[in-house]
Amino acid sequence: MVSSINNQNSANSVSVKRYFKFEKMLCVDLVFDKITNTIQAIKITGDFFLHPEEKIDLIESELVGTKLEKNQVKSKLESLLSGCELYGFSIDSLSDAIIKCKEANSH
Amino acid sequence: MNMAVDEYLMTHVTDVPVFRIYGWSPPCVSIGYFQSIEDIDSQKCRDDKVDVVRRITGGGSVFHEKELTYSFVSRQYPAKIIDSYQAICQVITSGLNTLGIDAKFSPLNDITADGKKIGGNAQTRKNGVLLQHGTILLEVNKEKMFSYLKIPVEKISDKKIPDPKDRVTQVSKTFDQVAKSLKDSLKLVFDCQTVPMNLEQNEIESCKIISKDRYSNPQWTFKR
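From first to last, the protein sequence lines are chains W and C.
Taking our numbering, the leading residue of the first sequence gets 5, the next gets one more, and so forth.
Taking our numbering, the leading residue of the second sequence gets 8, the next gets one more, and so forth.
If you're looking for bench data, these hints aren't it; they were derived computationally from the structure.
Treat the hints with care, as some may be off.
[Unchecked claim] With a Cα cut of at most 25 Å, we get these calculated DSS-like pairs of lysine-lysine:
(1) W:Lys106 with W:Lys59
(2) C:Lys124 with W:Lys21
(3) C:Lys73 with C:Lys51
(4) W:Lys25 with C:Lys123
(5) C:Lys157 with W:Lys25
(6) W:Lys47 with C:Lys230
(7) C:Lys172 with W:Lys25
(8) C:Lys111 with W:Lys25
(9) C:Lys51 with C:Lys151
(10) C:Lys73 with C:Lys133
(11) W:Lys47 with C:Lys133
(12) C:Lys172 with C:Lys149
(13) W:Lys38 with W:Lys78
(14) C:Lys56 with C:Lys230
(15) C:Lys149 with W:Lys25
(16) W:Lys59 with C:Lys230
(17) W:Lys59 with C:Lys133
(18) C:Lys149 with W:Lys47
(19) W:Lys80 with W:Lys21
(20) C:Lys230 with W:Lys25
(21) C:Lys151 with W:Lys25
(22) W:Lys25 with C:Lys124
(23) C:Lys87 with W:Lys59
(24) C:Lys157 with W:Lys104
(25) C:Lys157 with C:Lys56
(26) C:Lys230 with W:Lys21
(27) C:Lys157 with W:Lys21
Bear in mind that the values here come from a model prediction, so they are computed numbers and not experimental data.
Using the sequences provided together with the hints, build the complete structure.
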């Protein structure tokens with residue numbers, strides 16, 4: 005019953021899940037295409053606050069297809085979070101965390 | 008049912024705010040809107056007959072046993088979220104101060120005493136209505152609490168964090184003592200009068216429908 009993002013399978017798919025501690029806890033569960041370097045699926049969980057709350061689903065779906073480069077991820081998040089209030093970490097921190105997930109896999 | 012009542016109040020509040028005080032039986036773990044169900048040991052909750060509910064508010068997981076929970080629902084509130092947390096938490100801290108507890112508001116959403124957490128709060132705003140609910144730890148069995156709440160200390164990629172068991176403490180007062188202090192504090196802090204309120208039977212039935220459709224629904228609980 006737990007919604008899983010691990011069904012985004014292709015030969016080039018890589019799954020990474022990492023935890024980060026900012027003012028609040030953040031977990032990024034990422035699936036990306038290692039050839040095109042793009043997000044195939046992402047789940048952002050933690051004990052943070054986002055107003056309005058329902059925006060998280062749109063953020064996760066709209067990040068799909070985004071190139072895993074800091075500027076592109078950050079720019080996309082800034083656009084998606086326009087008009088929202090986020091408490092627990094900044095857009096910059098969230099962008100860094102997503103990129104760190106990708107980089108963690110390359111070690 | 009507790010979360011269903013909070014949601015019902017949110018959708019039916021008039022221009023008169025509502026302040027609600029309640030407990031939990033059986034014990035329950037509530038998780039925040041954005042948390043993964045994997046942030047708690049749901050199997051152990053099942054084994055120990057501890058309910059699990061996902062809130063409509065963000066924030067972290069809470070083990071509700073020997074504690075007092077409040078909710079505040081209003082159509083009038085400060086525009087800035089931090090200001091509204093501060094205003095409502097002042098009712099809590101002022102009430103606890105009258106019981107000799109040096110409670111302080113710790114932004115964004117904690118209540119602390121002597122540097123340790125004695126309560127947490129979470130807020131949502133929908134359709135011009137604010138709901139803030141929070142807990143005050145009357146007594147805490149830390150080993151038991153953290154057997155249900157999984158804090159991924161060992162999984163943090165880049166930082167050491169202190170043991171969460173060291174961060175919490177209890178107020179060591181009874182439910183009734185704290186409840187009375189909050190009721191008195193509410194009148195003083197908000198300079199208002201209060202009127203007791205009970206839900207009518209048809210309202211209770213509406214809450215049961217909300218509970219069935221959302222809070223007892225595995226699709227909601229396990230959505231993340």
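Earlier hints that do not hold, by number: 2, 10 and 18
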